[in-house]
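Colleague: Go ahead and model the full structure; you've got the sequences and the hints to work with.
Residue numbers (our numbering), protein chains in the order written: chain P, 20 to 221; chain A, 20 to 221.
Don't take each hint at face value.
One copy or any two copies: either way a pair holds, since identical chains are not told apart in the list.
Only pairs whose alpha carbons sit at most 27 Å apart, straight line, appear in this in silico DSSO-like list of lysine-lysine [to be verified]:
id: 1; residue 1: Lys136; residue 2: Lys81
id: 2; residue 1: Lys136; residue 2: Lys146
id: 3; residue 1: Lys217; residue 2: Lys157
id: 4; residue 1: Lys192; residue 2: Lys157
id: 5; residue 1: Lys192; residue 2: Lys95
id: 6; residue 1: Lys95; residue 2: Lys136
id: 7; residue 1: Lys146; residue 2: Lys217
id: 8; residue 1: Lys29; residue 2: Lys81
id: 9; residue 1: Lys29; residue 2: Lys136
id: 10; residue 1: Lys192; residue 2: Lys210
id: 11; residue 1: Lys72; residue 2: Lys157
id: 12; residue 1: Lys156; residue 2: Lys92
id: 13; residue 1: Lys192; residue 2: Lys72
id: 14; residue 1: Lys136; residue 2: Lys92
id: 15; residue 1: Lys72; residue 2: Lys29
These are computed hints drawn from the structure, not numbers from a lab.
Number of protein chains: 2
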Amino acid sequence: MDELEEVQYKPIPVRTLLVEMKDLSELMIDLAYSAALFNSPELAEDVLELERKVDNLALLLKMNVMIAARDAKDAKDLLGVSLVSSAADRISDAAADIAYIVLRGIGIHPIVREVFKRVEERLGRFKVESNSILAGKKLRELRLASRIGVDVIAIRRGREWIINPKGGDEILKGDILIARGSHLGIEELGKLARGTLKELED
Amino acid sequence: MDELEEVQYKPIPVRTLLVEMKDLSELMIDLAYSAALFNSPELAEDVLELERKVDNLALLLKMNVMIAARDAKDAKDLLGVSLVSSAADRISDAAADIAYIVLRGIGIHPIVREVFKRVEERLGRFKVESNSILAGKKLRELRLASRIGVDVIAIRRGREWIINPKGGDEILKGDILIARGSHLGIEELGKLARGTLKELED
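Modeller: Written out as structure tokens, the structure is:
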């Protein structure tokens with residue numbers, strides 16, 4: 020586990036921080052369910068890393084809210100923002116609790132598996148190898164949604180995360196793609212990322 | 020607010036309880052976001068009512084897990100179940116926190132509204148009036164998804180909730196429908212429920 024980073028105040032718009040916290044906490048729930056369903060330590064580790072990110076965002080948001088509030092009216096107006104941020108933080112903690120089931124070897128009870136299996140769409144997590152045709156392409160060019168029915172919901176690049184990437188975002192070799200889609204589509208994306216499948220049909 | 024019910028032990032399969040907790044906690048997040056977005060006290064009250072249901076389910080689950088565990092191995096196996104249940108409980112608490120923003124008149128800061136507005140699909144909550152053509156029909160007959168592009172995600176009937184209702188579930192007058200869909204479809208469902216629109220086109 021990494022050492023905890025020192026929290027440095029940075030002036031970041033509260034809106035930006037809150038959107039990121041909400042998006043991350045939702046992504047974490049999906050990742051945590053999939054980690055439990057597939058008993059995947061990689062997905063579980065991703066969840067814990069994102070939890071540290073959300074914690075950090077929550078602290079930054081608190082500082083920015085304090086500085087933004089000049090008087091009693093501001094303080095009351097910003098209360099809602101701070102409550103939503105703490106809700107997102109607690110959702111992310113709950114997702115981390117689910118991830119710990121996998122990482123602490125508690126074992127996935129058939130009941131847990133059954134509860135999370137009822138999701139129709141599958142989640143996949145793949146590393147883009149250097150011989151993959153995905154490397155160096157923008158999402159827009161790949162048109163994965165219309166071609167193979169998968170949606171890349173996050174790209175992990177080292178310690179950076181691109182959540183809900185846009186068409187203009189490029190895939191680089193070494194990236195970890197997290198994608199959602201049909202069982203078949205996800206399988207195909209895995210082959211494309213590993214470089215065992217070399218073309219995308221229209 | 021209702022008085023808290025006394026919790027009575029009932030033998031209910033742990034699987035059933037956990038599925039219900041997961042479904043409810045997910046529904047609550049959607050409802051809470053919509054309550055904040057539309058500043059709707061009705062949706063916020065629904066969230067709080069469901070939170071009490073989830074609390075109750077969590078207690079029932081704890082008791083059933085205790086009784087199911089006969090030895091150390093059972094106890095370890097069931098630990099994952101109990102952790103997932105407590106995660107669902109905390110997600111539901113976080114949703115309730117968001118609902119309180121609406122009910123305590125904290126006011127919906129533009130930033131909060133903006134964060135929750137980015138959801139493409141809308142949620143609607145409508146009471147089925149006695150002159151509505153929906154009353155007395157099964158969901159299967161109505162084919163709302165293919166006809167107007169909405170999906171009824173919950174039916175509230177007095178204090179009972181039907182979550183993710185199936186085709187065989189019937190809509191009764193007085194029911195509250197909670198549905199998700201396009202802006203237009205949701206508007207049409209509202210008119211059908213109020214009885215101002217009398218037919219469903221194919």
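Colleague: Hints first: check each against the structure and report whether it holds.
Modeller: For each hint, the structure was consulted:
1. Lys136 <-> Lys81: between (37 Å within a copy, 22 Å between copies)
2. Lys136 <-> Lys146: within (24 Å within a copy, 33 Å between copies)
3. Lys217 <-> Lys157: within (16 Å within a copy, 49 Å between copies)
4. Lys192 <-> Lys157: within (12 Å within a copy, 52 Å between copies)
5. Lys192 <-> Lys95: So Lys192 and Lys95 fail the 27 Å test inside a copy (47 Å) and across (41 Å) alike.
6. Lys95 <-> Lys136: between (42 Å within a copy, 21 Å between copies)
7. Lys146 <-> Lys217: within (15 Å within a copy, 54 Å between copies)
8. Lys29 <-> Lys81: Within one copy, since 11 Å is at most 27 Å while 44 Å is not.
9. Lys29 <-> Lys136: between (41 Å within a copy, 26 Å between copies)
10. Lys192 <-> Lys210: Classified as within: same-chain Cα gap 14 Å, cross-chain 52 Å, threshold 27 Å.
11. Lys72 <-> Lys157: Within one copy only: 26 Å inside, 46 Å across.
12. Lys156 <-> Lys92: neither (49 Å within a copy, 50 Å between copies)
13. Lys192 <-> Lys72: within (23 Å within a copy, 47 Å between copies)
14. Lys136 <-> Lys92: between (47 Å within a copy, 24 Å between copies)
15. Lys72 <-> Lys29: within (15 Å within a copy, 41 Å between copies)
Hints 5, 12 from the earlier list are contradicted by this structure; the remaining hints agree with it.
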